[in-house]
Amino acid sequence: MEKHGLDPIPKNEVELEAELEAVEKKANNELQLYALWGVITVVFNVALFYLLYHTFGVEYQVANLIDWFFSVLFSFIVNKMFVFQHKTVSLVKEVTTFYGTRVATYVIEAIILWLGISLMGVNGTMTKVIGHGIALVANYFLSKWLVFKKD
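Start counting the sequence shown at 1; every next residue gets the next number (UniProt numbering).
Treat the hints as calculated values from the structure; they're not laboratory data.
If a hint is listed, it holds; no wrong ones were tucked in.
Label-pair ranges, simulated between beta-carbon atoms:
#, residue 1, residue 2, range
1, 104, 39, 15 to 25 angstroms
2, 123, 13, 53 to 63 angstroms
3, 87, 125, 35 to 45 angstroms
4, 65, 150, 29 to 39 angstroms
5, 29, 94, 19 to 29 angstroms
Okay, derived cross-link-like pairs now, PhoX-like style, lysine-lysine, Cα gap no bigger than 20 angstroms in a straight line:
#, residue 1, residue 2
6, 144, 80
7, 87, 150
8, 93, 144
9, 93, 80
No residue lacks a Cβ here, since even glycine has one placed at the ideal position from N, Cα and C.
Make the full structure from the sequences, and use the hints.
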């Protein structure tokens, strides 16, 4: 008997244990892929910020906005294709939702940059790494629960 398109309900403890192991394996694989692509995205993000801010002298909040836009686009592509392997129902809706969730974490990151650089005088790149790390954790859950959720 199927329940809402899910696999049949396990009939015994062995089937339940096998089902739980499969779910755990998939979740661990997803987290590993997210971590891998997250690190690559962070490197891309910080490198672009460094290039704009330190090399070209772009004001740090403007540099952060530019690198945020391109980093979010890169992140959307790799999360969709490699991490969550999500089939698109509406690409426009997915991209819009993805960018929408990233706005909240962008604001958090911008506040951390302002606090670190303007108020505390901390190195801009180090502050960027801290802010982006916090955003990365929040982004995983927002992507999993809102953008690439299983229907």
